[in-house]
Structure formats: C-alpha cells, structure tokens
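Novice: Here the sequence shown is numbered in the UniProt record's numbering, starting from 1 and rising by one per residue.
If you are wondering where the hints come from, they were derived from the structure by calculation, not from laboratory data.
It cannot be assumed that every hint is accurate.
Below are the DSS-like pairs computed for lysine-lysine, each with C-alpha atoms no more than 27 Å apart in a straight line [as the list claims (entries may be wrong)]: (1) 40 - 75; (2) 30 - 40; (3) 30 - 307.
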Amino acid sequence: MTETLFLRSEELSGLATPSEYVSAVREGYKQQGSAAPRTKLVAEDNAGMLTGYLAILPETGAMGGYTYAAGFGDKDVHFFLPLFDADSGRPLALLDGASLNPFKTGATGAVGVDALARQDARTLGLIGSGAQARGQLQATMTVRPFETVTVYSPTAESREAFADAMNDRYDATVRPVATSEAAVEGSDVVITATNATEPVFDGDRLEPGTHVTAMGQYDPNVREIDATTVERATYVPDLSARATSDAGAFLQAMDERGLTEADIHGDLGQVLAEEVPGRTTETEITVFDSGGTGIETVAAAHMLYEKAIERDLGEYIDIAPGSAALTGE
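All chains should be built: construct the whole structure from the sequences, respecting the hints.
Specialist: What follows is the structure in structure tokens.
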C-alpha cells in the first residue's frame with residue numbers, strides 16, 4: 001500500500017500567505033511543464049458541470065490536477081485535488097480543494113498583473129465582489145502598491161460590504177461604484193471576477209496603458225470582455241491551447257473581428273520564461289485571460305503539501321498500487 005496524505009479544507013485554510021501562493025504559481029508557470037485545457041462535461045437535464053484539468057511540473061517534481069462537480073441536485077460545488085510525485089508516479093496527497101481555490105486563482109491573476117501591467121500602476125478597478133474577487137485583490141496587492149481600488153458588482157449591498165471589509169484590511173482606499181464603467185475609468189489595472197455571460201464593460205473605454213485580467217469565464221459561448229478589448233490588446237492567455245478551446249472572449253473575437261491564432265501574443269509561461277516579451281510600451285493595452293489550468297493548481301497544492309508536512313497536518317490513507325490490486329480476482 002502507498003501512504004497518501006489526506007488534507008482537509010480547514011487544514012489548508014490560512015496555511016500560506018497570498019505572496020506565497022503568488023511565488024509558487026509564478027514558478028509553476030515559468031517551468032513550461034506539460035498541461036492541457038480543461039475537460040468539461042455538462043449535464044443539461046440536471047443543470048450541472050463535471051470538469052477537470054491536469055499538469056506536470058518537472059522542476060517542482062509534482063503532477064496532478066483538479067476534478068470538481070458544480071450544480072446538479074444540491075446546487076453546490078465539490079473539489080478533489082490529487083497530487084502525485086512526478087518522478088515515481090506515487091500519490092503524495094489528496095486535498096479537499098475548496099478553500100485554496102480563490103487563493104491559487106488570485107495568485108495566477110497577480111502573476112499576470114506583475115508580468116503585464118505598468119510598474120507605476122496605482123489604481124485598480126475590480127468588477128465582482130465575491131470570493132474570487134477577494135482572492136484577486138489579496139494576491140494582486142502583493143505585486144503592486146495600489147492606492148485606490150474601485151469595486152463594482154450589480155448588488156449595491158455586496159459591493160459596499162466588500163469595500164468596507166477591504167478598507168479595513170489595506171492602506172489603499174477601496175470604494176464601491178455604481179457602474180462597471182466607473183470601475184474602468186481611470187484604472188491602470190482592471191480585473192473582472194464575475195459569472196457574467198456577456199461583456200461587463202465597453203472596450204472602447206479602456207485608456208492607453210491599461211492592463212486587464214479576465215478570470216471569470218471558461219466557456220466558448222460566454223465572456224466577460226468584448227471583442228474590442230481583445231482586438232485592442234496584447235492578448236496573453238494562461239495557456240495558448242486554452243485560447244482556442246474554451247476562452248470565449250478570444251473565440252468570439254475571432255468570429256466578430258477576424259482574429260486568428262497569430263493574434264495570441266504568447267501564454268503566461270512564455271512571457272515568464274522570456275520566450276516572448278511582456279509589456280513593451282507604456283501605452284500598450286494588455287489582457288491576461290485566466291480561465292484556470294492545472295499549472296497553478298499543482299503548483300499551489302505542492303506548496304501547501306510541503307507546508308502541511310512541516311506542520312504535521314492531515315492524516316494518511318492507504319492507496320493500493322495497481323501491482324497489488326489490479327488482479328482481476
């Protein structure tokens with residue numbers, strides 16, 4: 001039997017700081033390991049989605065991915081995250097992956113901001129006020145010293161509560177605004193963290209030099225940013241293959257504006273590895289399309305696994321290797 005560490009969500013909560021997530025995710029993308037776009041199966045009759053994605057990070061020495069079911073009968077979401085040793089193939093850990101999700105996703109957004117936004121970026125416009133928006137803000141505040149944050153979401157109570165909570169946490173002034181346009185106006189960085197199915201702002205309103213991180217959608221038929229935004233920008237997805245697989249913003253810009261795969265500047269890993277340049281001018285508009293990959297998932301999970309080992313967290317369960325259990329008897 002192979003001893004495998006089982007880590008509960010509450011054991012992972014608070015185990016790492018936002019900056020530690022950012023460092024782990026940055027290193028993961030820089031490695032240029034093996035990864036593929038997510039597989040998503042939709043049960044139309046039962047209003048549910050089963051999805052997952054995988055990655056191998058050779059320098060980290062880990063591989064694994066995410067599998068989760070969302071919706072269905074109980075209208076909830078459940079995450080499993082298996083982590084394997086990339087040399088032996090043995091299972092290292094099984095993580096209850098819910099609590100880490102906003103942190104690893106926020107870290108990915110922050111790595112994109114750090115790679116593509118202007119160094120002097122001080123104003124942030126945030127569209128969304130849920131858990132993912134909190135994750136984006138927490139991580140992004142570690143890579144730029146934002147002084148002003150404007151937040152918009154459709155429900156006034158939600159954006160006001162978000163602003164109040166974040167004002168207590170950061171030195172920056174965080175204030176709610178009544179429209180998405182007000183969040184975009186004058187912002188050096190714009191982050192969309194929504195479940196919207198249509199664009200949440202007009203790309204013509206983006207000022208020269210703005211960076212946009214769009215992280216809320218991964219479906220060919222939905223998008224948070226419009227074709228104008230994609231066309232005006234240097235477009236960088238988290239994974240190049242994902243841009244033509246489930247990145248609705250890019251796929252719909254191809255249909256509406258005639259963009260092609262040649263308009264993908266390069267993915268985040270290529271920018272970090274300096275295979276393609278990041279921002280090249282102060283007036284350039286940049287977009288990071290962050291729909292989620294196994295890269296950030298494995299990078300964050302391995303970082304948490306090492307911390308859990310150091311602190312003697314979790315409990316071991318036995319996983320039978322195929323040589324012992326795959327007998328047909």
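Novice: Compare the structure with each hint and give your call.
Specialist: Hint check results:
For the proposed pair residue 40 and residue 75, the alpha carbon gap of about 17 Å is at most 27 Å, so the pair holds. The straight-line distance between the Cα atoms of residue 30 and residue 40 is roughly 26 Å, inside the 27 Å bound, and the hint therefore holds. Between residue 30 and residue 307, the direct Cα distance comes to roughly 21 Å. Compliance with the 27 Å bound is thereby established for this hinted pair.
Violation of the numbered hints given earlier is absent; every hint is satisfied by the structure.
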